[in-house]
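K.L.:
Top to bottom, those sequences are chains A and B. For the first sequence, our numbering puts the final residue at 379, and the numbers step up evenly by one. For the second sequence, our numbering puts the final residue at 523, and the numbers step up evenly by one.
Keep in mind that the hints are not guaranteed to be accurate.
[To be verified] If the Cβ cut is set under 7 Å, some of the chain A residues that face chain B in the computed set are: (1) 170; (2) 171; (3) 228; (4) 247; (5) 269; (6) 272; (7) 279; (8) 286; (9) 320; (10) 323; (11) 327; (12) 331.
[To be verified] Taking CB as the label site, the calculated pair distances span: (13) B:171 to A:28: 22 to 30 Å; (14) A:48 to B:14: 26 to 34 Å; (15) B:154 to A:35: 46 to 54 Å.
[Said to hold, decoys possible] Covered stretches of chain A (chain B as the covering partner; in silico rule of three or more C-beta atoms under 8 Å from a C-beta of chain B): (16) 229 to 241; (17) 308 to 316.
Calculated directly from the structure, the hints in this document are not laboratory data. Note that beta-carbon positions come from the ideal geometry of N, C-alpha and C, so glycine has one too.
So you can see what is in the structure, the chains are spelled out below.
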Amino acid sequence: MNIKLLQLCVVVISMVGLVFVASSTAYQAAVSGGFDYLFVKQALALVAGIIAMCIVSKYMTVAVLEYLNFKFFIFTLGLLILTIVPGVGYSANGAARWLSFPGINFQPIELLKISFIIYISFAVAKNYNSLKDIVTIVVPPFIVIAAVLLKQPDFGSVVMLLVVLIAIIFVGSPKFKFRHLFVSATAVIAAAAFFVMSSPYRMKRVFAFLNPEDSPLDYGYQSLQSFKAISHGGLWGIGWGNSYAVRDFLPESHTDYIFSIIAEQMGLVFSSSLLLLLLAVPVVMLLSATRTASSSYDYTSRFMLNVVAGVSILWSLEVVINVGSVIGFIPPKGVGLPLLSYGGSSLVSHLVMVSIATCLIFVTGRGSSSAGDKNRGSP
Amino acid sequence: MNAPAAKVFFIISVVFIFLILVILRVVQLSYGDYMGSAVTQAYGEMKIPSIRPKVYDRGGNLLLTDIISYSIRVDPKVITEKGYERLCEAITCKKTLSTLVSTGNRYILLASGVPRERASKIGKIYGVITVPSRHRHVSDYAKGWAGKITTDGFAIGGIESYIGNRRKDYTIQTFNTGKRSNIYSSNESDIFKAIDAAYSFNKVYVSVDLPTQSAAQEFLDRRVSEYRARAGASIVIDAKTGEVIAIVTSGGGESEYRWNPLRQMFEPGSIIKPLIYAAALKYGVVEPDTMIDCEKGKMYVGHWPIRDVHPHEFLSAHDVVVKSSNIGAAKMAAMVGADRLIEFFTSLGLGDSIEMEAGKTSEGKIYFDRMKSEIGLATFGFGHGFMLNMAQIVRAYGRILGRRDFTLSFLEGGYSAHGGYFIEKRVRDEVLATLYDVVSRGTAKRLKRADVVIGGKTGTAEKVVDGHYSRKDVVASFVGVSEFNGHRYIAMTSIDEPRKAHYGGTVSAPVVKEIFEYMASGS
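Could you put together the complete structure from these sequences and hints?
P.N.:
Here is the structure:
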């Protein structure tokens, strides 16, 4: 696989996302008579993400990752805990998910996703033959993370991290069979169902998801507006910058519902192609990682495969949850679309994640094909 | 395939299935029912209500306008005795505070139409509520034809009704936003154009001339009072354009009885004679110098006598009108014949209501069936068998002297003439000359010394009281014609039941004279 091509592809998708963030935020900027600072912030985040990608590509090795693994994980976990500390965390829309610094707000969960994947990947790679050891090592920190996230509250991230956790164990441990996967999946679904049913608010959202027309101005509003936007776009769209939905009809049009805006403006063909491209990224990474790991299933390869699986699953899961809620497959959930939705932390973390994954594939592949590899290199 | 690879392919398969499902769903949405509602909710309409225009007379004097006035309500449970005293110093209080308290009601309406300055002072009293409202102020000189505005803004009758029917609320297409209060148009100039359009109908100029109206009112009031008449009315029109220059009514004494020149019907009497003469000339049954035997002032038609006030032996057809001979007019009517008279009167519009901007006039009535009898046809010659309003009479004179579609208009500029002349020029000129002779040597000689040259025709119609024509109760009328300042005007005054004198030439003609003199001199 041409790693540079994949990374270029990711950057191009990010730029496409930037273009549609601009079209989504321009209306609000025009109405408020001000500067489209959201677009500028997203553009700056993209630049920061590309720089981060370059740094990762230049300096990342398995050894470096192993050295930083626990420290980075503890650091990000600490940041996450800070979000729920009164007076430190920054709340928006009823959730304390942000840390605020002068000129910038960011979500520690985006950093934690990276450190969590690396942490779990190392743990599974080291203990791949003992499911019990794996569980012993990974479950306690996950419980801490889940507790903090539920306190925020961010139920969606808990589910995603849990799925990522299971997926890494599934891919990384030969002891974790398909039957374990189905049992785990059933348990996750049951737990999620119980969790949803325990909250009237979540139940209303579920009912609204099933019949959005029953509450068109309430819980079903966002879903209906999203459907209308997609429907309005038709096959070829109504043209960039011509969206009706951004005119306050579709809330969060630049974040969670960016796919609706893209579909409205550019139509079915473009939005489907973009989605295909977006899902091609994890698929291509997974295929490359599998092919690379197949030649020698050593510690490094296992680690690489675990990281790539974690990144790919997380990526795919975000796409599934985001697009699924936008088109009415699942209840609305505040998860952005990777690289496309507005959000600097998310954009940078996704670029970094892809960079780590692709570099790992690269260095692992080079290490397995040449003697004396120091697991060091730049793709 | 090794185990990890199989697991990865499983994951990829799940992702692939999801992708397929998503694409199918997007296809479904793209061709679903939501598109229509997406467009519908994005577009809207914004109504820009037109303003209620101000109405000016032809000289630019404001006659009707909206003013902000206040209604005054009081809460008897809150206001103090002292406060109520202060309130009653400013407005008329019909009830005491204790009476208001005993009603148990709150926010009782005490007055309306209170000007802003007074309302602002009253509003400072604790327990008094002032409520602003748009109020139509109507000049006293326009009250007869202005119509009314209801409290909810609808126009009833008069020129208000005309305005109300023509006001347009302008609607522009807007791009809506999700926030309902936030509506905007993609093109601001659309909004400004609509506002301009809505405000373009902000002035209406009526044909009435306020100074003339005011003067006519004064002249009419004076005569009605002088002759202790029951009521009276005057109307002045431009004989070419049909513009109503003045229209006034006056009630005599303590009676509320008034004549509405547009609706009050009465037998016109001798002022119909010029129309009979015009018919006779038109149909060629007489020439101006055709001599008619006036039977020395008394003639029988069957058993019914017809008398002239001033007996004559022979009069030319011209002089029959000048001297106002009933016998001569009766003979001319008989010469024209019933069928031709019916056709003639019908084409003059007698008996048809006039559609004016200030409303429709009454229809009037011509008892054509009476023409079947010899006496009935004869009496048509001097104005029996008609029930007409003043507007119909002046329009008929206007048509005789002008175009066949001549009609009256309350708007500056008058009606739009489309048709040709009603009768040929020689008849028009002869009728006009006859009218001038009525003043120079006929029944309206007292107008000879007027400052302007006036023509016209007097009429003294006996009213039917208890089934008989009354000698005492008459309607004294005069229709005058005069030309000055480049215009020809027709004016008519009718005074109902004058007491000190009876004849139109004595009672009503001076009002027309004074009006014409005022109009000619401007003072």
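K.L.:
If a hint holds in the structure, say so; if it does not, say that too.
P.N.:
Status of each hint after checking the structure:
1. 170: holds (6 Å)
2. 171: Given a least distance of 5 Å, the restraint on residue 171 of chain A holds.
3. 228: holds (4 Å)
4. 247: Hint on residue 247 of chain A: holds, closest Cβ of chain B at ~4 Å, below 7 Å.
5. 269: violated (10 Å)
6. 272: Interface hint status for residue 272 of chain A: holds (5 Å vs cutoff 7 Å).
7. 279: Hint holds; residue 279 of chain A Cβ to chain B Cβ min 5 Å, cut 7 Å.
8. 286: holds (5 Å)
9. 320: holds (5 Å)
10. 323: holds (5 Å)
11. 327: With a closest approach of 5 Å, the residue 327 of chain A hint holds.
12. 331: With a closest approach of 15 Å, the residue 331 of chain A hint is violated.
13. B:171 to A:28: 22 to 30 Å: Given a distance of about 28 Å, which is inside 22 to 30 Å, the answer is holds.
14. A:48 to B:14: 26 to 34 Å: holds (33 Å)
15. B:154 to A:35: 46 to 54 Å: At 50 Å between Cβs, range holds.
16. 229 to 241: holds (count 7)
17. 308 to 316: holds (count 4)
Violated hints, in rising order: 5, 12; the structure is consistent with all others.
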